[in-house]
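Undergrad: Residues in the sequence shown are numbered consecutively from 1, following the working numbering.
No lab work stands behind these hints, which were simulated from the structure alone. Keep in mind that a hint or two might mislead.
DMTMM-like mimics (lysine to aspartate or glutamate), calculated; alpha carbons at most 25 angstroms apart, straight line [what the hints assert, rightly or not]:
1) 308 - 345
2) 589 - 609
3) 407 - 457
4) 589 - 569
5) 505 - 601
6) 594 - 609
7) 388 - 408
8) 606 - 580
9) 505 - 368
10) 552 - 638
11) 417 - 483
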Amino acid sequence: MLSLSKHRGTILKASALASMLTACNGQLPEQSRAKNSIPPTAGSALLETGYDTHTEEFRGSCVAANGPLKYAGSQRSEIRFDRSMTLDELKTALEVQISGKLKIPSFDVSGAAKFISDASSTDLSDSMIFSYQVKGKSVIMQRVRLSQEGLAVKGRSEADVRKTCGDEYVSEVQLGAQLFVLVNFEFANREAKSSFEAQIDVNLVDLFSLSGAASTSLDKFKDSISISMSALQIGGNPSRLATILQSNGSSGIPIVNCSITNKEQCLAAMQKIVKYASGEGRGDFIDQIQNLSYNPTDPNGAAFIGYKSKSYYESALYDLYPVEGAVIQRAVADNRASLVTMYEDQAKANKRANALLRMRLSQQERNDIRNIASLTKANLRGITDTAKICYEKPGNCVGAFNKLVVKDFDQRKLQKKFTFFDYCDLPNQSSSVSDTIEAIRVAYDARNASCGDLESDLLNSLELDLSDSDPAVRSLKPLQGLEHLQYLDISKNQVRNISLLSQFKSLRFLNARENSISNIIPVSNLNKLTYLDLAYNRVIDAEPLRNNRTLKTLLIHGNDLFSESPLLDLQGVDTLIISEERTCEEERKYALSKGWVSQSDYELFKTMDFAPNYYNPGDRSSGLDGWLLCPIVFSSFDPGA
Numbered sequence: 001m002l003s004l005s006k007h008r009g010t011i012l013k014a015s016a017l018a019s020m021l022t023a024c025n026g027q028l029p030e031q032s033r034a035k036n037s038i039p040p041t042a043g044s045a046l047l048e049t050g051y052d053t054h055t056e057e058f059r060g061s062c063v064a065a066n067g068p069l070k071y072a073g074s075q076r077s078e079i080r081f082d083r084s085m086t087l088d089e090l091k092t093a094l095e096v097q098i099s100g101k102l103k104i105p106s107f108d109v110s111g112a113a114k115f116i117s118d119a120s121s122t123d124l125s126d127s128m129i130f131s132y133q134v135k136g137k138s139v140i141m142q143r144v145r146l147s148q149e150g151l152a153v154k155g156r157s158e159a160d161v162r163k164t165c166g167d168e169y170v171s172e173v174q175l176g177a178q179l180f181v182l183v184n185f186e187f188a189n190r191e192a193k194s195s196f197e198a199q200i201d202v203n204l205v206d207l208f209s210l211s212g213a214a215s216t217s218l219d220k221f222k223d224s225i226s227i228s229m230s231a232l233q234i235g236g237n238p239s240r241l242a243t244i245l246q247s248n249g250s251s252g253i254p255i256v257n258c259s260i261t262n263k264e265q266c267l268a269a270m271q272k273i274v275k276y277a278s279g280e281g282r283g284d285f286i287d288q289i290q291n292l293s294y295n296p297t298d299p300n301g302a303a304f305i306g307y308k309s310k311s312y313y314e315s316a317l318y319d320l321y322p323v324e325g326a327v328i329q330r331a332v333a334d335n336r337a338s339l340v341t342m343y344e345d346q347a348k349a350n351k352r353a354n355a356l357l358r359m360r361l362s363q364q365e366r367n368d369i370r371n372i373a374s375l376t377k378a379n380l381r382g383i384t385d386t387a388k389i390c391y392e393k394p395g396n397c398v399g400a401f402n403k404l405v406v407k408d409f410d411q412r413k414l415q416k417k418f419t420f421f422d423y424c425d426l427p428n429q430s431s432s433v434s435d436t437i438e439a440i441r442v443a444y445d446a447r448n449a450s451c452g453d454l455e456s457d458l459l460n461s462l463e464l465d466l467s468d469s470d471p472a473v474r475s476l477k478p479l480q481g482l483e484h485l486q487y488l489d490i491s492k493n494q495v496r497n498i499s500l501l502s503q504f505k506s507l508r509f510l511n512a513r514e515n516s517i518s519n520i521i522p523v524s525n526l527n528k529l530t531y532l533d534l535a536y537n538r539v540i541d542a543e544p545l546r547n548n549r550t551l552k553t554l555l556i557h558g559n560d561l562f563s564e565s566p567l568l569d570l571q572g573v574d575t576l577i578i579s580e581e582r583t584c585e586e587e588r589k590y591a592l593s594k595g596w597v598s599q600s601d602y603e604l605f606k607t608m609d610f611a612p613n614y615y616n617p618g619d620r621s622s623g624l625d626g627w628l629l630c631p632i633v634f635s636s637f638d639p640g641a
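Please work from the sequences and hints to get the whole structure.
TA: Take a look at the structure:
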């Protein structure tokens, strides 16, 4: 009989467990056995049951529902037969909430604990875990009255009442059901495990339906690997697991013989379980868990996967137990609540880290995330050990909690940074992203190259020229991960957002003219940037560039700046073009200072919008060739024209 409680005097509904073992051994095929667990005791109930917070033990039922039960929430499910869970995910799935205060792995439940133990990988074993989890509605007692047992002890001492009734009662139950399938691999040696993991990567159904080269790879392990499969069902009718794999066994117990050399038997066993889990036939798992309801007398009904309690004092049953609770009890409750929050935070981070480790990562990302996975795993052990003390020895809870050390980590590192490969390989991406990827393919003359090969080319280059692209570049997202670039030309495109470029700390040359850029803050602190062309954009505020000390060339004309003053004190700039008007005026004044034009002609040329043209256009030292319209002269000073 399996119960998902962690306490002595367990009152959680005893959920049935059926285990099916299909052993696949290359040398001697073993047997698959399905066993029925003992059904829950008829009449056992969870709601109404008393709980003593002082001793952490459950007591009798001293209250009864005074009116109909209330159902809250909705039923939801998650199926995970497409890929395996991690061990920590399995532990999380087999947790139970007690009074909303505790959520730690089921450490004292033989069935679930054994399943978790079997799922633990070692240096000579590995496991795949698949699941179908259903969380149903919560059942709530809205109003209660004293039961006959409660009336019998009313008026007695607090100690007597606690001994019979406790000081709280279970007021809310969450219904649910869970089905887990475990495929466990035992290897002859470490080399066999390493080789298997490197060559075999399939899901549950496909594992023994491989053909061709993949089948040959699997056959190589027939003498060095043993494979077993077991199933754990909580809620519903677990005895069905014993009937879906029927065969003629001499002992009367359903037996399936299976080996790597006889893959069909293994495949059939797996397919039956998957069909049972996801099928919609009568008696299948899904059929068993429709419209879960609270019925403690039904041995094949919902499992009770979580519950909350309420104090008699809070329910105004003062004549039964008129004490709100001791100060130490409040401290213990606060610590338990904190442990729940801490555990959930660390479990989520650990789950996230393990999920990321299955993705394509840079080596630095992988190292960082592995460290987080290891750190959060250690944190979870510490939290679990402390929670165990807080529930088994409440008097030691505060001291243990104060000694608990939960190490911190950088949450930002739990976000995978997309790179060019991810955007390139991502199906159905936005048109702006796909256009940029296509522009890069054109720039590299690599329309048919794989995303990996193209990314390799990008990572090995210090320059990227996407100027005047067709299709036009609108998004810079695919440039993520190319922060090593020193030269970037995105001129004559349709770029609006350049926030990504704030990460390009190696950039020395940036040509972004003729786009739709308005915010230039991202490029204002690139301390290696010497050439910046922002001409003909939508820049209004040049203030972010005021304190720049690295630029040698700045072209920012063709923008509607509301003030040029931030640019006038730039130090070290050799070429600064703020506007056509300013450039032409500076050249007229230069000609006047050299005596190439009289004051009256200077005024005339200014009125006519003429400027001096040099023999070598744009080069004052080549001498005055004549006077032309300002736009013509200006073009000779614009390096990007």
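Undergrad: Tell me, which hint numbers fail for this structure?
TA: 3 and 5
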